[in-house]
Amino acid sequence: MSHICVTCGTQYPTSSEPPRNCPICQDVRQYVGPDGQKWVSLDELRKTHRNVFFEEGEKLWGIHTVPNFAIGQRTLLLQTQNGGFLWDCLSLIDGDTVELVKALGGLSAIAIFHPQYYTSMVEWSRAFGGIPIYLHESDREWVQHQDSSIVFWKGETHRLNDDLTLIRVGGHFRGFQVLHWTSGEGGSGALMTGDMPQVCPDRRYVSFMYSYPNFIPVDSATVRGIIMKLEPYQFAKLYGAWPKFMVEGIQKSRCGGRLSVICVPSAILDL
Numbered sequence: 355m356s357h358i359c360v361t362c363g364t365q366y367p368t369s370s371e372p373p374r375n376c377p378i379c380q381d382v383r384q385y386v387g388p389d390g391q392k393w394v395s396l397d398e399l400r401k402t403h404r405n406v407f408f409e410e411g412e413k414l415w416g417i418h419t420v421p422n423f424a425i426g427q428r429t430l431l432l433q434t435q436n437g438g439f440l441w442d443c444l445s446l447i448d449g450d451t452v453e454l455v456k457a458l459g460g461l462s463a464i465a466i467f468h469p470q471y472y473t474s475m476v477e478w479s480r481a482f483g484g485i486p487i488y489l490h491e492s493d494r495e496w497v498q499h500q501d502s503s504i505v506f507w508k509g510e511t512h513r514l515n516d517d518l519t520l521i522r523v524g525g526h527f528r529g530f531q532v533l534h535w536t537s538g539e540g541g542s543g544a545l546m547t548g549d550m551p552q553v554c555p556d557r558r559y560v561s562f563m564y565s566y567p568n569f570i571p572v573d574s575a576t577v578r579g580i581i582m583k584l585e586p587y588q589f590a591k592l593y594g595a596w597p598k599f600m601v602e603g604i605q606k607s608r609c610g611g612r613l614s615v616i617c618v619p620s621a622i623l624d625l
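The sequence shown begins at 355 in my numbering and counts up by one.
Any given hint could turn out to be false.
[Stated by the list, open to error] The calculated lysine-lysine pairs, modelled on DSSO-like cross-linking and capped at a C-alpha distance of 30 Å, are:
| id | residue 1 | residue 2 |
| --- | --- | --- |
| 1 | K598 | K401 |
| 2 | K456 | K598 |
| 3 | K456 | K401 |
| 4 | K583 | K508 |
| 5 | K456 | K413 |
| 6 | K583 | K598 |
In case anyone wonders, no lab produced these hints; they're calculated from the structure. Bear in mind the structure is a predicted one, so any value in this text is a computation, not a measurement.
Sequences and hints are given; from them, build the entire structure.
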């Protein structure tokens, strides 16, 4: 049986008994719920939940599990000039999801920004013929379900093709990566960041946290470092981790910074 952590959604290798604990949830960047460690099988999850599809942008589909499960993120299906690409992942994958993804052009690869969202990535890869999963080498220790489909890359950037580039920004995890889509937003560019930077609820600002559930911020030097790493890339919209969480159209003069769509309150840089 395949066991999935109810708190973070991470899937573990098949075993007769669930793991003793979830290292990801025991880390300070996550948490173990007040009722202790709980598990669910993928088959059980399929009986109580389903995935819904919705348009998040041009040639961009959001996939979200309802009712909400674990952290509650949505994954993004990019319909790129080089084929379908899955950014982030979900715990739930079923026959209906696979058929809908295939109807939208299928998948050629997967990339996930950090360990709390690795979820059922191996299950997703196998459902589409063992497609590669791109993760940064610095986060190798957090992979709970090892598989030959996982490709660990090193360095600060990894160009997947002439349209997609992975960028290691760190901050939340050492290997935290974001995705730049050159032809996204009609050629104006799109940036998929998930948690780092994190899109705030009013959609005008982003935040930079070491632990979101435990409200632990990163320091100002880390914020500046992330901004410098993202500065060379052109993008008209920044996509966060939840449905409709995106930032767009913010002018440099309003932010006082050098990134046209990342608005960082000046106070955070003065800490």
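Legend entry - Given pair status - K598, K583, alpha carbons within 30 Å: 25 Å, holds
Inset, instruction - For the pair we were handed, K456 and K598, check the Cα-Cα distance against 30 Å. - result: 23 Å, holds
Legend entry - Restraint status (C-alpha distance of K598 to K401 at most 30 Å): Holds - the C-alpha atoms of K401 and K598 are around 26 Å apart, at most 30 Å.
Inset, instruction - Compare the distance between the alpha carbons of K456 and K413 with 30 Å, and conclude whether the hinted pair is satisfied. - result: 14 Å, holds
Inset, instruction - Please work out if K583 and K508 have their alpha carbons no farther apart than 30 Å. - result: At roughly 16 Å apart (the allowed maximum being 30 Å), K508 and K583 satisfy the hint.
Legend entry - Given pair status - K401, K456, alpha carbons within 30 Å: 22 Å, holds
In the structure shown, no violation is registered for any of the earlier numbered hints.
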